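*Asks:* Just so you know, the protein sequences line up as chains X and B, in that order. Per my numbering, the first sequence starts with residue -3, numbered consecutively. Per my numbering, the second sequence starts with residue 252, numbered consecutively.
Incorrect hints may appear among the rest.
What the hints assert, rightly or not - Pairwise CB distance ranges, derived in the manner of DEER restraints:
{"no.": "1", "chain 1": "X", "residue 1": "Ala437", "chain 2": "B", "residue 2": "Leu327", "range": "19 to 27 Å"}
{"no.": "2", "chain 1": "X", "residue 1": "Pro306", "chain 2": "B", "residue 2": "Ser328", "range": "43 to 51 Å"}
{"no.": "3", "chain 1": "B", "residue 1": "Leu272", "chain 2": "X", "residue 2": "Asp80", "range": "30 to 38 Å"}
{"no.": "4", "chain 1": "B", "residue 1": "Leu332", "chain 2": "X", "residue 2": "Gln353", "range": "51 to 59 Å"}
{"no.": "5", "chain 1": "X", "residue 1": "Thr309", "chain 2": "B", "residue 2": "Ser328", "range": "22 to 30 Å"}
{"no.": "6", "chain 1": "X", "residue 1": "Met61", "chain 2": "B", "residue 2": "Ile274", "range": "19 to 27 Å"}
{"no.": "7", "chain 1": "B", "residue 1": "Leu327", "chain 2": "X", "residue 2": "Ser140", "range": "40 to 48 Å"}
{"no.": "8", "chain 1": "B", "residue 1": "Ile324", "chain 2": "X", "residue 2": "Val111", "range": "48 to 56 Å"}
{"no.": "9", "chain 1": "X", "residue 1": "Ala117", "chain 2": "B", "residue 2": "Ile274", "range": "37 to 45 Å"}
{"no.": "10", "chain 1": "X", "residue 1": "His155", "chain 2": "B", "residue 2": "Val308", "range": "48 to 56 Å"}
{"no.": "11", "chain 1": "B", "residue 1": "Leu311", "chain 2": "X", "residue 2": "Pro306", "range": "27 to 35 Å"}
{"no.": "12", "chain 1": "X", "residue 1": "Ala117", "chain 2": "B", "residue 2": "His317", "range": "25 to 33 Å"}
{"no.": "13", "chain 1": "B", "residue 1": "Ile324", "chain 2": "X", "residue 2": "Thr493", "range": "35 to 43 Å"}
{"no.": "14", "chain 1": "X", "residue 1": "Lys377", "chain 2": "B", "residue 2": "Leu311", "range": "27 to 35 Å"}
What the hints assert, rightly or not - Partial pick of chain B residues on the chain X-facing surface, computed with a CB cut under 7 Å:
{"no.": "15", "residue": "Arg263"}
{"no.": "16", "residue": "Thr303"}
{"no.": "17", "residue": "Asn306"}
{"no.": "18", "residue": "Gln341"}
Just so you know, the hints here were simulated from the structure itself, not pulled from any lab data. Computed from a predicted model, the values in this text were never measured in an experiment. Yeah, the Cβ is synthetic: ideal placement off N, Cα and C, and Gly gets one too.
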Amino acid sequence: MSFTLQSLPIPNWRWIKDLVWRIEHAFERARAAGRAEDDTRLRIFVVLAIFSIAFVVLAAGAAKMVIFPDVSRIEAVGREGGLDRADLVDRNGAVLALDLEHYGLYLEPHDIWDVGETRRALLAALPDLQAARLDHALNSKHRSFLVGGLTPTAKAQIHDLGLPGVSFEPEQKRIYPLGSTAAHVIGFTDTGGLGLEGAEAAFNDEIRKTADPRTPFALSVDLRIQAALEDELTKAAQEFHPLGAVGVVTNVKTGEVLGMASWPSFDPNHPGQATDDQKLNRAASAVYEMGSTFKAFTVAIGLDTGVATPDSTFDARVPFHLGYRTIHDYHAAKKILSLVEVFQHSSNIGTARLAEQIGPKRLSQYFIALGLTRPAKIELKESAMPLIPHKWDDDAVASTSFGHGIDVSPLALSRAMGALLNGGTLVPLTIHKLPADAKVAGPRVVSEKTSQQMLQIMRANVTGGSGGKADVPGLSVGGKTGTGEKYIKALGGYSQTQQVSSFAAVFPTDGDAKTDRYFVLILLDEPHGNAATGGFSTGGWVAAPAAGRVIDRVSPFLHVQRQANLASLVAQTKPANPGDER
Amino acid sequence: MILFTRRVWGFRLVDVIGVGLLIALILSVYLAKTFAGRERGEIARVEAEIATEHNRVRLLQAEVAHLERPDRIEHLSSTYLGLGPVKTTQEISPEALSSVLSAKPTAVKEGRL
Chain X
-3 MSFTLQSLPI PNWRWIKDLV WRIEHAFERA RAAGRAEDDT RLRIFVVLAI FSIAFVVLAA
57 GAAKMVIFPD VSRIEAVGRE GGLDRADLVD RNGAVLALDL EHYGLYLEPH DIWDVGETRR
117 ALLAALPDLQ AARLDHALNS KHRSFLVGGL TPTAKAQIHD LGLPGVSFEP EQKRIYPLGS
177 TAAHVIGFTD TGGLGLEGAE AAFNDEIRKT ADPRTPFALS VDLRIQAALE DELTKAAQEF
237 HPLGAVGVVT NVKTGEVLGM ASWPSFDPNH PGQATDDQKL NRAASAVYEM GSTFKAFTVA
297 IGLDTGVATP DSTFDARVPF HLGYRTIHDY HAAKKILSLV EVFQHSSNIG TARLAEQIGP
357 KRLSQYFIAL GLTRPAKIEL KESAMPLIPH KWDDDAVAST SFGHGIDVSP LALSRAMGAL
417 LNGGTLVPLT IHKLPADAKV AGPRVVSEKT SQQMLQIMRA NVTGGSGGKA DVPGLSVGGK
477 TGTGEKYIKA LGGYSQTQQV SSFAAVFPTD GDAKTDRYFV LILLDEPHGN AATGGFSTGG
537 WVAAPAAGRV IDRVSPFLHV QRQANLASLV AQTKPANPGD ER
Chain B
252 MILFTRRVWG FRLVDVIGVG LLIALILSVY LAKTFAGRER GEIARVEAEI ATEHNRVRLL
312 QAEVAHLERP DRIEHLSSTY LGLGPVKTTQ EISPEALSSV LSAKPTAVKE GRL
C-alpha cells in the first residue's frame, strides 16, 4: 500500500489556493476596477436564483400532479381490467361471449399448519376436485396451482374458511352466457384463451388485439334469427329423428351469415363434456350429396348459357340414358315438361337432358365459378373441402346435374345459391358484421336476367310445385326441395332408405335486383318419416315446412313486409304434388 | 449591495434568505409528496373500486344475457303467457287497415279483427 502511495505523483495544491484567493478577492478587485458585474458573489447570486427557480418549478409541478391528477390514466387502468379476449356480440350488440374475472387457487404447503384439516375443508368446498390432485399439491415442496376458474362466490366461500397456505390469483375465464345457443357460430377457446372452433378460432388474433370491453367484436348473426332457426331445427329433429341437421340463414347480397345452426349442439362452456358429433359444425365441416337442390344450378346454367328458356321443353316420358346411368324420375310425370315444370316436378330426366345440352365443359366451368369445387369461402377454419368428380364426363354430368356424385358443405351450397339469387355475383360468406352501407363485390357468375328468372322459377316451385309446404302467407317465398340418397360403401351403391333431405329457400322473390333477399337452408341427415308425412322423409315433407316456419318467424326481424291481404291468407294454393318429390 | 453586507444574527442577509428559501422548498416538496402519496392511495382505492364494480357490471351483463336466452324466454312466454311468434294474420299495415275493415265487417263486429 505504502509503495502505491509513494509511487503516486504528489498533487500540486498551489493552484487551488491561488484560485480560492482570486475568488475571495474578486469583489475588491472588481470594485477597484469599477466593474461590479465581475463580482463573483453576483454570479453566485445568479446561480442561486436559477436553482431557486428550478426548485419552484419542480414544486409547482409536484403540486399540480397532486391537485390535478391525470384522470384518463386512472380511467384506462380501471376499465381495461386485463381482458384476454374482446367480447363477442351479435349484430345488434347482444352478448355472446365475454371474459369474466375468476380465480385460481394456489397451495403453499410450507404455510399449512394442519394438512388433514386443509384437505377435508377443500374437498368439502370443491366437490369436483380430485383427491389425488389435492394430495399431490399438499405433498409438493413448492407453491403450486390447484384449481382454476373459481367464481367470486366460490372464492369468497373458500377464503372465509381461513385456511393458511391457501391463496388466490385472479384470472380471466371465457364465458358463453347463452349456453348452447349459437354454439357452432361462436365456437370456444381452450383454458389458455386460444380460439379452437367457430368465430373464436376464425378471428382469434383480432379478438385478442381488441381486448377492450368498450369495443366488442360483432358477429354477423342476429340472435333473434339464430334462436328461431335453432328452435325450428330442433323441432324438426325431434319429429324426424335424423342423425344430424343443419340450418343456415344468409343475406344473399352481403354474404353475411345471419343464423347458422347445427344439430345436435353442445355447451361451449363445457366443450370437454361434448362428443365430437355434437361439436361438429355440420354447416361448415360436413359435406353431403345435396340431391335436387342442385337442379337450381343446372337450370340456371341452362338459362345463362342460352341453352334453354323457361318455355323450353324436355321429354320426360321415358327414362334417359346418359353415360353409364339410366335416369328415372322419382315421380314420373311421363310427359313433355317445360323447364319450369322440370323444376316444379323435380324431374331428373328433364334436368339430365338439359345438362347434356349444356355439356360437361360448360357445366364444370359454372360449378367452378360458383365455388362448388372449393371449400366455402368464409372465415371459419373448419370449412370443408367438397368431394367432386375426378373427371367431368357424361357420367359426371348426368350425376351432378341433379346433385349426385358431388358432395358439398351446406355453406358452399348457400354461397352458390346466393349468387343465383342476388343478381348474379358470387360474394364470400362472412360471420363478421359488415357496415350497414357495405357493398360487397364478387365475380359475376350469371346474368341479372338469369337471376331474376331463377327467382320466378323458385317462386313457382313453392306456389305450384314440390316446395308448397314452405309457403308463408303474405310472403313471396321461393325454393327447391332436395333429397339425396346416401352412398353406402358397404352396399357399393346408393341407399333407398337413407337420405339427406333439404330445402333451399329464398325470400322475398318479388322486387328488382336491388331488393334485400335472404336465403334459408334446412337440411336433415337421414330423417325418418312418420304418420303425419305418410312415411315420406323427402325434403318437401321434412325440411320445407321447417324452412317455411323459419321464414315466417324471421321476416319481421329482417323488415320484410308481410302483405296482409286476407284473401290471399285464407285461400292457400295447393301444390301440384306437395312434399313427395325428390 | 445591502443584501450581501447586512448581517442578521451574525449571518449575511443573503445567506439567511437562501437558507429560508431552501427550507421553504424542502417543506413544500415534503408537503407535496405527502399529499401526493395520500392522493395516490386514494386513487389506488378508487381504481380498485372501479375494477371491482367493472367486474360486477360484466358479471351482471353475463347473468342478464343468460337469463334472456331466447330459448328460455320463448319457453316462459309460451308456457305461462300463451304467447307465440307473431302470425301474418296478427299483422297489418296502417294503410291496409281501412280496406280490411271494410272487407270484413262481420269479423269486426264479432271482434275477430
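*Asks:* Determine whether the Cβ-Cβ distance between Ile324(B) and Val111(X) falls within the hinted range of 48 to 56 Å.
*Replies:* Roughly 49 Å apart at Cβ, these two residues keep to the hinted range, so it holds.
*Asks:* Between Leu327(B) and Ser140(X), does the C-beta distance stay in 40 to 48 Å?
*Replies:* holds (45 Å)
*Asks:* Given the hint of 27 to 35 Å, is the C-beta distance from Leu311(B) to Pro306(X) inside that range or not?
*Replies:* violated (58 Å)
*Asks:* Go through the hint on Gln341(B) and say holds or violated, using the shortest Cβ distance to chain X against 7 Å.
*Replies:* Violated - the Cβ of Gln341(B) stays beyond 7 Å from chain X, reaching only about 9 Å at its closest.
*Asks:* I want to verify a distance hint. Is the separation of the beta carbons of Leu332(B) and Gln353(X) within 51 to 59 Å?
*Replies:* Taking Cβ atoms as reference, Leu332(B) and Gln353(X) lie about 58 Å apart, which means the hint holds.
*Asks:* Take a look at whether the Cβ-Cβ distance between Ala117(X) and Ile274(B) falls inside 37 to 45 Å.
*Replies:* violated (59 Å)
*Asks:* Does the Cβ pair Met61(X), Ile274(B) satisfy 19 to 27 Å?
*Replies:* holds (22 Å)
*Asks:* Classify the hint on Arg263(B) as holds or violated, based on whether any CB of chain X lies nearer than 7 Å to its CB.
*Replies:* violated (10 Å)
*Asks:* Starting from the hint 43 to 51 Å, judge whether the C-beta atoms of Pro306(X) and Ser328(B) obey it.
*Replies:* Check passed, 45 Å falls within 43 to 51 Å.
*Asks:* Is 35 to 43 Å a correct range for the gap between the Cβ atoms of Ile324(B) and Thr493(X)?
*Replies:* Holds, since Ile324(B) and Thr493(X) (Cβ atoms, about 39 Å apart) stay within the stated range.
*Asks:* Verify the CB-CB distance for Ala437(X) and Leu327(B) against the hinted window 19 to 27 Å.
*Replies:* For Leu327(B) against Ala437(X), whose Cβ atoms are near 44 Å apart, the range 19 to 27 Å is violated.
*Asks:* Does Thr303(B) pass the interface check with chain X, least Cβ-Cβ distance below 7 Å?
*Replies:* Violated. Min distance 9 Å.
Of the numbered hints given earlier, the model fails hints 1, 3, 5, 9, 10, 11, 15, 16 and 18; all others are met.
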